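Mind docking these for me? Both chains are given alone in their own frames, and the hints should help you get the complex.
Residue numbers (the working numbering), protein chains in the order written: chain F, 340 to 512; chain V, 146 to 585.
Hints listed in this document are in silico derivations from the structure and should not be mistaken for laboratory results. Don't take each hint at face value.
Chain F regions said to be covered by chain V (calculated; three or more residues, Cβ under 8 angstroms) [to be verified]:
#1 341-354
#2 368-381
#3 430-439
#4 443-450
#5 473-483
This structure is a prediction, so every number in the text was calculated from the model and none was measured. We put the CB at the ideal spot given by N, CA and C, even for glycine.
Below, each chain spelled out in residue letters.
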Amino acid sequence: MHLASLAARTHRAASRIADILAVVGALLLLAGAAILTYSVLLRVVARGQVRGDFELVAVSSGIAIFLFLPYCQARRAHVLIEVFTAWLPARARHAMDRLWSLALAVAAGLMTARLLVGLEEAWSRNHVTMMLQIPLSAVFVAAIVGVACTALLALLDFVITLPHARVPEGGDQ
Amino acid sequence: MSPAEVGALMIAGLVVLMVLRAPIFLAMSLAGAAGYVWLVGSAPLLNYLKGSAVSLFVSYDYSIVPLFLLMGHFAGRAGISADLFTAANAWVGHRRGGLAMSTVLGCGAFGAICGSSIATASTMAAVALPEMRRHGYSGALATGTLAAGGTLGILIPPSIVLILYAILTEQNVVKLFVAAVVPALLAVAGFLLAITVYVRLFPEEGPLGARLPLAARLRALRRVVPALVIFVVVFVGIYGGFFTPTEGAAIGAVVTGLYAILAGRLGLADFIETALETAGATAFIFAIIFGADLFNVALALTRVPQEMANWIGSSGLTPYAILGLLSLLYILLGCVMDSLSMILLTVPIIFPAFMSLDFGLAPESQALWFGIITLIVVELGMITPPMGLNLFIIAGLAGNVPNAQIYRGVSPFIAAELVRVGLIIAFPSLSYALVSYFYG
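So here's chain V without its partners, still in its complex pose (with noise of 0.2 angstroms):
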């Protein structure tokens, strides 16, 4: 049996696997191990398995992904979610659809200190959820809007699915961070637009609220101000340059449990529980890396990427058919699966083939851009029926919401960012403009 045939096979056992209920870090170690011992033996494997483990978590480069995690369980645990969407409420809660829309904009603010949709989706679904029900918003408004709201938390930067994407392509994840904040706006006007094209057909499911007088709604945006000086002390200093990545995730995590014991809602219970969220967070995406590097190391002995990389090549679609196929694909896939075991299983397969095609722009930019692009399918998977991951969360936090009000809540967002992977993919230079202007 040629490698090929091997790696054809290795493939399809995981998909099998998969299909089959398995764990998706143990279906790709199963995998990766089964095609590894049959390329090379089981002495080889037996001898990676002893010390690699080791040689991949302690990483300066990945120690960033846990301490990312920790600072937005720590922002979480804060109230910090509560605040901004608190803050957002007076400003913009008495329009119609207007909580859905505080909702959003807290999500974005949240996301832009925290690396995580989920923590984003459930911090916030524990503050907006109770507030739109209260007010006599419809299910299905108030769940696609915190599902949506909640992929915030991952197209923003600090994204942990940006890191992984950087230390698999070793791209830099400043440049990466960058590129998504003009991507990251649009995605908070898109939905935005949709919130508001949503209650303009149902108008209602969104009702009209209060209106603030001026003082009052000053008085609320104060609450903004210990998330904005987090902001600015990370990354200011992370894209700056004053310091690495790593560094700024370290500072944000100091800093982010000292505001939670500052503001008196970091006692030993809530460290514990803290410590118990990051645990979790941190353990599901590092037995993904385990599994995912096992596999593809055995993958690339088969020499399958290369194949698949000449084999794109000499397809005769145009390199813009192909990235629109890609996207597809990523979409799809992501209708099942997660979004960190798609971009660490697939990354090292197709970002070799993505890059041998010519789109006339250079390396490194080209990189930057289909980074923010496989950022944007991939999440858009996490709110895509009937398997998004986001949805379940959010179904699971808002109790007696049918499936069905929930997709239908979900589809207007799902519009929103159809539209903008269209124009991302339109027009490159939304993404790498920006960093060629900071890094020329």
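Isolated chain F, as found in the complex (with noise of 0.2 angstroms):
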């Protein structure tokens, strides 16, 4: 019981993180489209252009869709089909979503292993984006904090029970 209510305290504070990743998620975004508007602008204006404005969305995105997991997660917006287990009490149910969840978080904290690895080459080998020379370890790190939180709420989900949202709320299609 004592460690079902730590947990529940961690994964409010978890979510709350997650949240805030979404946001600078959403600006790096948003900075990386207004960059790409300006270099159109400019081209259209002035024939110039922003040097390797494609690399600098690209790498913007990148970040922001690692920023953006941990909030999947926290929200449980990730779609599966419940179709075939409907039948089931809700109890069932909910031990398979926990265990789902503890499968979740271990692939992604193998993930996270990994890309650590993947950071760590990154860095000594000097991986830099072609035009820009944009270090791709700074997208390493945004994906190990991403991937990282994912598992860590994840492991939370599987700690406490907490029944499944039918609606995937961010799910888009």
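Spelled out as structure tokens, the structure:
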């Protein structure tokens, strides 16, 4: 019981962090969009261009996507198929959901470990983008933050029993 | 065990995991990882995981997806969907079933600047649902219209599904958008017809409303101006070749955000909400992109896609029979799966097989045609009971409408869509003729 309440409190804090990461990601995405817009304006008006604009957008969106991941987990918005297990009692369904949370926590944990290796390589071999020489290690850091936070949230979902949200809130077709 | 058998096991394992409630992206990742380890060992998998996600997500091609999502959520926040609904309502709202028609027209117009169906369905529901209730529309008609109208968000370009199809099949996304135009207009026409027939059969479910004087109608028409300006700036730019689709999406996000600020509807709290909506929608898609990529990389090692293509080619069925079966498969899959998972999972397997069939079309036309058919059938799945995702969302928003009523309300729209699939299959030029005309 004690563990459950601690986990619930940690989950609230981690969700808060997920919200903040999502807003930071959206700001980065918007910044990339603004630069690209400015670059197109330059091209139309002055036949110039922001150098490497496409790289900036690719990197800023990539970082944003990784920072968005924990939010999706915090809101339990990942889509799953319910129709085949709808007949089961709620307890059984929750037990299955907890099991998958554990599986995700392990998988995301492993992924974090691999991304750390990737970061080390990108750093030591000085991997950079072609035109602007943006270090790829920046993206790896964002990836590690996003995936590790997802792993933590999934682990907490395993520890505390919470009903799965029926409608994927952020889900988008 | 032969690689093909491993491939078959991977597919079976994926199905089992999904049936057992694993989140779809996780099921794909686990089945893919297991196949990968079985085929080439764990060291290559660990090596792959080190950098695959970063190289997958840092991509100019893919950055169009979050940008269009941001634009769509800004547009919803700015009240553009409400404005479009109000404008349509001023012109057709007094007819029998007119509010439902206004919803379809509003969704259609909103779909032209928004690439996602859930953003379309949920923002439109917020304005149209209370109106329809207030005027005594039945729960069945109101929810059916919104669920179907929401799919216009994705059927009408820009469309996240078409963008992903373009990336997976290396087609030109602009041409795919153009190819979707005539089919999209057919969808709107079909939905309007479905409502007309429905209220002819059940007149009490969509009562007549008051007719507005011309001056008020013209005043209401002014509310479509912002949406029209955004549409023209972004899509004339894209279709006219002035900028790339990704640049168009970036410009669209900036312009729509600026408009929301000018309209006084994007304070700090609204921006945070928009950011969270965009984050949820984006992360959901990219988790599936990652899982599907891992699964398909492993499956490609088993040569199952090639075997499938050979098998389909030597099955002795006519190309049209195979196309009919594929469409049926997608509709059935769509009853239990979301459209993005289906596209990301199946297109890499099915597309090569489809392209080996001879319909007497140029390869590019055939690829565009198949993209449009795929788009329609996967979206049809989204409104097909019992699992259609849009139905869940509308059920959640409407609150007290029983499922049976929602199913009844959506059935005329499903009928209209089935007719449309038949038309597009029977007349491939409906999809590619406009492309040939513009890009010859």
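Now the hints, each set against the structure:
1. Under a criterion of three residues with beta carbons nearer than 8 angstroms to beta carbons of chain V, the stated coverage of the segment 341-354 of chain F fails, only 0 such residues being counted.
2. Using a Cβ-Cβ cut-off of 8 angstroms, 9 residues of the segment 368-381 of chain F lie near chain V, which meets the minimum of three, so the contact claim holds.
3. Residues of the segment 430-439 of chain F with a Cβ under 8 angstroms from some Cβ of chain V number 4, which satisfies the need for three, so the listed coverage holds.
4. Judged by the Cβ-Cβ criterion of 8 angstroms, the segment 443-450 of chain F is covered by chain V as claimed, because 4 of its residues qualify and three suffice.
5. Chain V is given as covering the segment 473-483 of chain F, and this holds because 4 residues of the stretch bring a CB closer than 8 angstroms to a CB of that chain, at least three being needed.
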